[in-house]
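Asker: The whole structure should be built from the sequences, with the hints applied where relevant.
Each chain, written out:
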Amino acid sequence: MLKTFTKGGVHPAENKITQDKAIEKAGLPKKVIIPIAQHIGAPSSPVVKKKDQVKAGDVIARSQGFVSSNIHASVSGTVAKVDHVVDASGFKQPCVVINAEDDQWADGIDTSDALVKDIDASAEEIRQKVLEAGIVGMGGATFPSHVKLSIPEGKHVDTLVINGVECEPYLTSDHRVMLERAEEMLVGIRLLMKALGVEKALIGIENNKPDAIAHLNEWLGDDPQIEVYGLKVKYPQGGEKQLINALLDREVPSGGLPLDVGVVVHNVGTALAVYEAVQKNKPLVERVVTVTGPSLTHPTNLLVRVGTPVGELIEAAGGLPEDTGKVVSGGPMMGKALKTLDAPVVKGTSGILVLPQKWAHREKELHCVRCAQCVDACPMGLEPYLLKQLAERERFEDLEKNSVLDCIECGSCSFTCPARLPLVEYIRYGKTNVNQIIRNRKQQ
Amino acid sequence: MTTTVLYTILSLSGLGAVAAMILYAAAQKFKVYEDPRIDQVEEALPGANCGGCGYPGCRQFAEALVKADDISDYYCPVGGNDTMKEVAQILGREVAEQEPKVAVVRCNGSFQNRKRTSIYEGPSSCAIEASLFGGETDCQYGCLGKGDCVEVCDFEAIFMNEETGLPYVIDDNCTACGACVDACPNNIIELRKRYKKDRKIYVSCVNEDKPAAAKKACQVACIGCNKCVKVCPFDAITLENNLAYIIPDKCKLCRKCVDVCPTNAIAEIGFPPRRNKRRNAKKESADQEQSKNQS
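Respectively, the protein sequence lines represent chains A and B.
Sequential numbering from 5 applies to the first sequence in the numbering used here.
Sequential numbering from 13 applies to the second sequence in the numbering used here.
Mixed in with the good hints, there may be bad ones.
Computed list of lysine to any residue pairs in SDA-like fashion (alpha-carbon distance at most 25 angstroms, straight line) [to be verified]:
| hint | chain 1 | residue 1 | chain 2 | residue 2 |
| --- | --- | --- | --- | --- |
| 1 | B | Lys222 | A | Val51 |
| 2 | B | Lys222 | A | Asp56 |
| 3 | A | Lys55 | A | Asn103 |
| 4 | B | Lys222 | A | Asp346 |
| 5 | B | Lys268 | B | Asp183 |
| 6 | A | Lys159 | A | Gly201 |
| 7 | B | Lys222 | A | Leu345 |
Some, not all, of what chain A presents toward chain B, calculated at C-beta under 7 angstroms [unchecked claim]:
| hint | residue |
| --- | --- |
| 8 | Gly94 |
| 9 | Lys343 |
| 10 | Tyr433 |
Bear in mind the hints are in silico, worked out from the structure with no lab data behind them.
In this text, a Cβ means the ideal position worked out from N, Cα and C, and glycines have one as well.
Answerer: This is how it looks when you write it as C-alpha cells:
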C-alpha cells in the first residue's frame, strides 16, 4: 500500500491541465517590480537608488538579520524608483522598480546550460552561497533557506526530505521541474545533504505523477542515499508536517519544527535554486510558474523573472478570458486572489490561476450543523468549527488553548464544509490575534 | 390528622431556624469587608458597563476609583463631568474638568466618491477583511464599510448609511466611550473635541498616498497640497505623509481651510448656510461637475 499521512485530508479535483506542457522561457519583461519583502522574516533594506544601473543578479536589497533574505535584480537596466507600490492584496509595499534595457548578467554568473556535477564547496560555503543568493522556500511559504540549513546546537538531523508532492490542484511547476531539470535538481539535493551533513534524502512525490517518479528513479539508478517514494494522492500532503508523517511516520510535536524530529524539508524548486546558486553562482531571480485556468487558451508552465507583472504572464498564456471572475496567485486551495494584475511575481509564486466567474464567487453561508466533517478533514487534528466560533466571539485565550497556532491554513475544512462557512478566514483572524497576544506577553 | 400537620409545620420551622442560624454564623465568620463607598460610587456611575473608562465595567471602575489616591486621571466618558463631580464629592477628592468629546469618522469615501475595484465575499467583518487585503477600493486606508464600529456601539450612536456605505455618528447618542475607535482596523474613527452646537471641522480622510494615487482612488481624498496649512491663521493644521490633520485644541472653526481645499476633503458639519457668494458659486460648479462625472 502507498504511504500517506494519517490524520484528515481531502481530495479536491486535480485539474492538472498543464502537466504535459514543457517549461517555456517567458519573454523579458519591460519593467519589473521587485518587493523588498518577499520572504518570511525581516524585510531587506534596499541598497540601490533611482537611476542606478543594475545587471541581472546584482544585489538590490540586503538581508536584515538572520531570518531575512537578499533580493537581486532580475533584469538589467535602470532603477526607475524605490518606492511603495500596490501589491497583490492592495496594500502598498516598498518595492524596487527596474526598467529593463538588455539582458546582461552580473559578472561571475554562469548562465550556460552545462551540468556541473562535482561538488567542491564545503558545507559552510554552501550555506553562505544559499544566503548570498537569497534563496527562500519555493513551495510558497518563502522561509529563508539558509536558516533551515543552519542546525542549532543540540539538534540532530538524520534525514532530508525533498517535497515534490505538489498537492495543490492545477499547479504543475514542481512536476515539470522534476521532469525537465532532474539532473540539476539531484545535484541540488546532494548539496543540501552536504550542507546538513545527512546521509539520507527522501523525495516524496504523489502518485499522480508516475512519469516524474520513473524519471527520477532512472537518474538515480541504485543510489543508496536518495530514495524516491510514490505517495497516495491526498491534500495537503505537501505540508511539511504531513509529508514527514507520510514518509517517515514521525509526528512533529505541536508548536514544534521538523527539526525536532530530526528532519529538514526542502521543496524541489528550492533544490534547483540551490544547485544554480552553488554550482553556477546564480542568485534566485527566476522561477517556474504555472499559468493555468479552465478558460485560458494556452495554459502553460513559464520560466519567469521575479518581478514580472502577473498580467504579462496571462498575456503569454493567451490573454485574460472574458468570463474571468478571479485571478489567484498560488493554487485554488491556499492561493490568494489578486487585487490587480500589475502585481508582480515573487519568489513564492508557484502558479497563477485564472478562474471563471461561475466558480469564483462564494455560495451563501448556512448554519453550522455540527456534522464534524471539518474535524475529520483537518490534517492537524484540530476542531475548525470550534475555532471559528471562538474567533468570531474574540475569545483569543481559549483559541490559544485549542492550539489554533497549529493550523496550517490548508483550507481542507472550508473545502469540506457543507454549510460553506468561511472557516479559514476566521481561524486566520484568530491566529493573528493570538500571535499578537503572545508577543505582548513576551514583551512584558 | 391535625397532629400530622402540626408536626410537619413544627419540624420544618425548626429545620429552617437551625439552617438560618448556621447561615448567619457562616456569614459572620466569612464576612468580607467592602468599602461602602464602592456601592455609592457605582450608584453614581451610569451603569452602561461599556468599558470606555478602560475597566471591564462600572463596578470595577468604582473599585479603582475608591482605591486610587488621586482620581484626576480617571474619567467616565459616558457620564461626563457631572458624574465625575458627583464621584469626587462622594470620595472627597478633586477631579479635573475634561472636555467632552465625540466620535468622528474620518472617511468620506462613499460609493459615489470612491470606486469599488474589487469584490469581497468573505465574512462580513472589517477586521477580517483588513487582514486579508486592502479593501474593495483602491484606497487601503479608508473605511471598509462592514460595520465593526456599529456592532460594538452600546449606545446606538453609530449606524451604517446604506446609500454611502459609510458609518454615521449620531452626536446626541455618542458618549465618546471609544469602543468604535478600538474596533476600527483602519483607525479611521477619532475622538474629537465637542464644539458648541455640535459643529465640526475635520479632515475627513486618512489616505497617506501620494496626491495622484490618492485622487485616483477617491474623489474627496486629502492630497496633501498644503493649502489649508498655509491659510490657517491659528497654526492648527499639520501635514504629515501627504495628509493634513486639524488639531482640535487650536482650531477656532473659522472655516478658511474648507474654502481652499481643492478636493473637499475637509468636512464642515453643523454650520448655518454661508453668505459668501463666491464660495457658494464655487461649490455649485463643483457639484455640477460631480454630477456630470457620475452621469
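Asker: Decide, hint by hint, whether the structure agrees.
Answerer: Structure-based check of all given hints:
1. B:Lys222 / A:Val51: Holds. Lys222 of chain B to Val51 of chain A sits at ~23 angstroms (cutoff 25 angstroms).
2. B:Lys222 / A:Asp56: holds, 23 angstroms
3. A:Lys55 / A:Asn103: holds, 10 angstroms
4. B:Lys222 / A:Asp346: Holds: Lys222 of chain B and Asp346 of chain A sit about 18 angstroms apart, inside 25 angstroms.
5. B:Lys268 / B:Asp183: holds, 24 angstroms
6. A:Lys159 / A:Gly201: holds, 12 angstroms
7. B:Lys222 / A:Leu345: Cα-Cα ~21 angstroms, so holds.
8. Gly94: holds, 3 angstroms
9. Lys343: holds, 5 angstroms
10. Tyr433: holds, 5 angstroms
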